[in-house]
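Residue numbers (numbering that gives the first Met the number 0), protein chains in the order written: chain L, 0 to 259; chain Y, 0 to 81.
Derived from the structure by calculation, the hints contain no laboratory data.
Quick reminder that beta carbons are idealized off the backbone N, C-alpha and C, glycines included.
Fair warning: there could be bad hints in the mix.
[What the hints assert, rightly or not] Using 25 Å as the maximum straight-line C-alpha spacing, the simulated PhoX-like pairs for lysine-lysine come out as follows:
1. L:Lys247 - Y:Lys13
2. Y:Lys13 - L:Lys249
3. L:Lys174 - Y:Lys39
4. Y:Lys10 - L:Lys174
5. L:Lys179 - Y:Lys48
6. Y:Lys13 - L:Lys180
7. L:Lys174 - L:Lys249
8. Y:Lys10 - L:Lys180
9. L:Lys179 - L:Lys77
10. L:Lys10 - Y:Lys44
11. L:Lys109 - L:Lys2
[Unchecked claim] From the derived model, a few chain Y residues whose C-beta atoms are all more than 10 Å from chain L:
12. Ser11
13. Leu19
14. Phe35
15. Asp36
16. Leu38
17. Tyr49
18. Thr50
19. Asp51
20. Asp64
21. Tyr66
22. Phe68
23. Glu70
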Amino acid sequence: MGKIYTITSGKGGVGKSTTTANLALGMAIAGKKVVAIDLDIGLRNLDMILGLENRIVYNIIDLLEGRAKLNSALIRDKRGDNLKLLAASQTNSKEDLSKEKFLDLLKLLKEQFDFVFIDSPAGIETGFSNAFAGAEGVIIVATPEISSIRDADRVVGILEANGKHNISLIVNRIKPEMVKKGEMMSQDDILQILAIDLLGIVPDDPKMIEYTNKGEPAVLDKISVTANAYINITRRLMGEDVPQLELKPKSFLRKLFERL
Amino acid sequence: MLFDFLKRKRKSAKLATERLHVILAHERGMARLPFFDDLKSDLIKVLSKYTDTKDTLNISVSHRDGYDFIEINVPITGNNSK
Ligand SMILES: Nc1ncnc2c1ncn2[C@@H]1O[C@H](COP(=O)(O)OP(=O)(O)OP(=O)(O)O)[C@@H](O)[C@H]1O
Ligand SMILES: [Mg+2]
Chain L
0 MGKIYTITSG
10 KGGVGKSTTT
20 ANLALGMAIA
30 GKKVVAIDLD
40 IGLRNLDMIL
50 GLENRIVYNI
60 IDLLEGRAKL
70 NSALIRDKRG
80 DNLKLLAASQ
90 TNSKEDLSKE
100 KFLDLLKLLK
110 EQFDFVFIDS
120 PAGIETGFSN
130 AFAGAEGVII
140 VATPEISSIR
150 DADRVVGILE
160 ANGKHNISLI
170 VNRIKPEMVK
180 KGEMMSQDDI
190 LQILAIDLLG
200 IVPDDPKMIE
210 YTNKGEPAVL
220 DKISVTANAY
230 INITRRLMGE
240 DVPQLELKPK
250 SFLRKLFERL
Chain Y
0 MLFDFLKRKR
10 KSAKLATERL
20 HVILAHERGM
30 ARLPFFDDLK
40 SDLIKVLSKY
50 TDTKDTLNIS
60 VSHRDGYDFI
70 EINVPITGNN
80 SK
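Bound conformation, chain L alone (with noise of 0.2 Å):
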């Protein structure tokens, strides 16, 4: 039986897109059957943070509705067959998907694929409850800012009082030269803050535009320290104990050397 992990956050624009994305592609790589869910509907990322907007044709508005047949509105990463876009549907709005149908999908999915990731509409409105309905764990992603950090707190208080307890926290966009100034809260702060596990960080990568340009995600360049770090999530998340990741600022030389 596959699991289902919902990614959300209060807080829009923090990057729950790009950690879907990354991490999907990340448990696929590592040979995991993953479907990777764009529940933002009536918007639509994944597919292009992923570089497979050409390959739409049908999405989970069409499959919920019946008019598509669930291997057709999978659609194949064209880097393997591990992994599956269900892509959101643009023309319709949160209220057209239907609770019901949405977790009888997920039922189906969690026979066929190993591991779903659903990612969810920024705000706590209609569309959010949908997310995490179906989901046995929550992965909130924050930046450490106190707006991303506030509205996560909110979230995770109306995960809690639906039951959901298995909560865990990606801070996102660490810069490690400003958190030993004392200019950013660090992940412990945030952590002692929300009072909930942490299940990785991730640094603020400059080259983060240059991935979603091209469709190619952070984890696919490998040697980069980002790509580590979506590796070290995937890896907890496979039930693996590993040490957090240890971002170090930038010494003189690298700076230097990335220039070149």
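Given chain L, put chain Y with the ligands in place with the hints provided.
Showing chain Y with the ligands alone in chain L's frame:
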């Protein structure tokens, strides 16, 4: 003044952490107990009959072992024989 100097030296990350602790104590309380704000102002009314608590009263809600706990800290400062 030395005090100003120390204040300026205080790093923004520390300040962010402190601000979050304060605001989240309040928001968690409101989320768990909708009457939290009313309770707080009633408590202030009662307590200020006896002490100068208005600004120092610290009330928060925590959740342990399946129960909500209202935690009240009242530092008795200065003229507590009002
Ligand atoms: N670790 C990172 N380093 C640098 N940039 C990042 C990082 N993570 C995300 N970003 C950038 O932040 C922006 C928002 O990311 P993303 O779209 O993943 O957020 P989101 O939470 O899904 O947003 P929305 O709430 O709109 O769905 C993107 O431009 C993305 O490239
Ligand atoms: Mg998104």
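Hints and how they fare:
A threshold of 25 Å between alpha carbons decides the hint, and for Lys247 of chain L with Lys13 of chain Y the separation of about 20 Å falls inside it, so the pair holds. Our distance criterion of 25 Å between C-alpha atoms is met by Lys13 of chain Y and Lys249 of chain L, whose separation comes to about 23 Å. Straight-line distance between C-alpha atoms of Lys174 of chain L and Lys39 of chain Y comes to about 39 Å, which puts the hinted pair past the 25 Å bound. Our distance criterion of 25 Å between C-alpha atoms is met by Lys10 of chain Y and Lys174 of chain L, whose separation comes to about 15 Å.
A hinted pair counts as satisfied when its Cα atoms are at most 25 Å apart, and Lys179 of chain L with Lys48 of chain Y does not qualify at roughly 47 Å. Proximity of Lys13 of chain Y to Lys180 of chain L is assessed by CA-CA distance (about 11 Å); at most 25 Å being required, the pair is judged to hold. About 10 Å separates the Cα atoms of Lys174 of chain L and Lys249 of chain L, which keeps this hinted pair within 25 Å; it holds. Our distance criterion of 25 Å between C-alpha atoms is met by Lys10 of chain Y and Lys180 of chain L, whose separation comes to about 8 Å.
This hinted pair does not check out: Lys179 of chain L and Lys77 of chain L have alpha carbons roughly 40 Å apart, beyond 25 Å. Among the hinted pairs, Lys10 of chain L with Lys44 of chain Y is inconsistent with the structure: their alpha-carbon atoms are about 36 Å apart, more than 25 Å. Note on Lys109 of chain L and Lys2 of chain L: the hinted pairing holds, with a Cα-Cα distance of about 7 Å set against a maximum of 25 Å. Look at Ser11 of chain Y: its CB is around 5 Å from the nearest CB on chain L, not clear of 10 Å, so calling it non-interface is violated.
For Leu19 of chain Y, the condition that its CB be more than 10 Å from all CB atoms of chain L is violated, with the nearest at approximately 5 Å. The Cβ of Phe35 of chain Y lies farther than 10 Å from every Cβ of chain L, with a closest approach of about 13 Å, so its non-interface assignment holds. A cut-off of 10 Å between C-beta atoms confirms that Asp36 of chain Y is not in contact with chain L; the least separation is 16 Å. With 10 Å as the threshold on Cβ separation, the claim that Leu38 of chain Y sits away from chain L holds: the shortest Cβ distance comes to roughly 18 Å.
For Tyr49 of chain Y, the shortest C-beta to C-beta distance to chain L comes to about 33 Å, beyond the 10 Å cut-off, and the non-interface label holds. In this structure Thr50 of chain Y is separated from chain L by more than 10 Å, as the shortest Cβ-Cβ distance comes to about 30 Å. For Asp51 of chain Y, the requirement that its beta carbon stay farther than 10 Å from each beta carbon of chain L is met, with the minimum near 30 Å. No beta-carbon of chain L is positioned within 10 Å of the beta-carbon of Asp64 of chain Y; the least distance is around 14 Å.
Under the 10 Å C-beta cut-off, the non-interface status given to Tyr66 of chain Y relative to chain L holds; the minimum distance is some 14 Å. No beta-carbon of chain L comes within 10 Å of the beta-carbon of Phe68 of chain Y; the shortest separation is about 15 Å. With 10 Å as the threshold on Cβ separation, the claim that Glu70 of chain Y sits away from chain L holds: the shortest Cβ distance comes to roughly 15 Å.
The structure shown violates the earlier hints numbered 3, 5, 9, 10, 12 and 13.
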